[in-house]
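*Asks:* Chain by chain, the residues:
There are 2 protein chains.
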Amino acid sequence: MAAARLARTRPTAVNLRAGLEAVGAAAPDPAAMLAAARAFDDREVAAAAAIGTHGLALFRPGTRVLTHCNAGWLAVQDWGTALAPVYRAARAGLAPRVVVSETRPRLQGARLTAWELREEGVAHVLIADAAAAHLIQRGEIDLVLTGADRIAANGDVANKIGTYGRALAAAAHAVPFYVAAPLTTIDRGTATGAEIPIEQRSPAEVLTVEGVDEAGRPARVRIAPEGTEALNPAFDVTPQRLVTGLITPVGIVPATAAGIAEAFRRAEAARHPAG
Amino acid sequence: MAAARLARTRPTAVNLRAGLEAVGAAAPDPAAMLAAARAFDDREVAAAAAIGTHGLALFRPGTRVLTHCNAGWLAVQDWGTALAPVYRAARAGLAPRVVVSETRPRLQGARLTAWELREEGVAHVLIADAAAAHLIQRGEIDLVLTGADRIAANGDVANKIGTYGRALAAAAHAVPFYVAAPLTTIDRGTATGAEIPIEQRSPAEVLTVEGVDEAGRPARVRIAPEGTEALNPAFDVTPQRLVTGLITPVGIVPATAAGIAEAFRRAEAARHPAG
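Chains as they are written, first to last, in the numbering used here: chain R, 1 to 275; chain U, 1 to 275.
Okay, chain R solo, but in the shape it has when bound (with noise of 0.2 Å):
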């Protein structure tokens, strides 16, 4: 019941699903159900740091990245998703630049990720949404770097709303456009995007932005006339096609069904090592 409820809250993520089944499995015991939770969670830090190890390769001196939502680690643990190899990239010394978009409607960019790139003290300017097209097409950025909450069976990948549009404006400049995600990300039942569920959250969140008044309390703006209505799907899908590349715990690999398998491979193989 609990676990049904739960799962409803992220129809198109599927992390959230992996992480409730696990401990579903070792129900109704509550002491090896923590331990399972706690399992789970250990491996998707790893994956996360392992993600960052491989993300790295992608960087040189002073990368300029265009990410979007959040995907560092105040959404995956530790180390998060995409930011994780702008982490490995700083630290090494690589001076990475990061450009966020602010993602309304809940504008995650703007509350999340500009305030733990700032705790991490890596380099980073704020943009509209509206404004990444224009960014990736006057050469102002290196890579585009997102996470995902469900990449389908053929590398087809949902995530934030927003996502689809950065990807598009990549593949037209050319401009590498990498999905970063541990391998429960990938849903293998899923054989290709269209069959991803969009969420639609309230247009409220549209009507509405968050934010803090000048006394630094939360407040709250309405931004349309009252009465207005408003569509919010809260994630897109973006084709296989557009993306360059797949950041996974195991390397990169094309976002196709055979750089996904492969992906399987390498992790089974690392589970079971031969000989």
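To be clear, the hints were calculated from the coordinates, so they are not data collected in a lab.
Beta carbons are placed, not taken as given, at the ideal position from N, Cα and C, and that holds for glycine.
All the given hints hold, so there is nothing to weed out.
Facing chain R, from chain U, some residues (calculated, C-beta under 8 Å):
id	residue
1	Trp-115
2	Ala-128
3	Ala-133
4	Gly-211
Based on these hints, arrange chain U on the given structure of chain R.
*Replies:* What follows is chain U alone, placed relative to chain R:
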């Protein structure tokens, strides 16, 4: 002095400059200057009305139009540019439906276009800017229609930041992308979009959002940690190959040097009818 200062307020747009030049040519006689301003205004009103008449041809019953920023009568006298065909279609009983992108950072879509469409009784729905490409991908948009701040001699279009991303998405899904503008927006002295200066506005516009509080009073919230840096390019350039056509007061023409030359020929012929 005053004209130069006014011109500097909109380095990207070109109609304002044309109006200032028309008035300046009548200087220093105040009455002549006022008459010149009124004549310029009359021409712009007539141009907007004619844009509506020509653009109506793109509408079928229930056409779903994606627009961006505000190009209605709050921005351009009496009819607007991009919204002029929408209003014509509504009055013709075609029941158009407008998807309004909020247009961060200044939210002209949410604050102006949504209000204007409500006043006109035109069905509309607000979206976050990041949702535009997704809706186009899902087949929920029949026509993308924007105004322009400046059109280069080759047909490249400078318009509100975010326009280029919409044009890329429209092209990817074969959705027509039209730009509505009076001939005063076409700057034949600018060869291509690369020559159009892109105004960089205050980072504060990105870092804060203006709206109203629960009591309906103007209010502003900060959306990012204090001290966050922001980039705020206010316009972008859409290359002419992504523009299906220009809706001008003298008809719909291709967004090419030849199409633009044809528009000016028609305008000239209308001013000086042969025989």
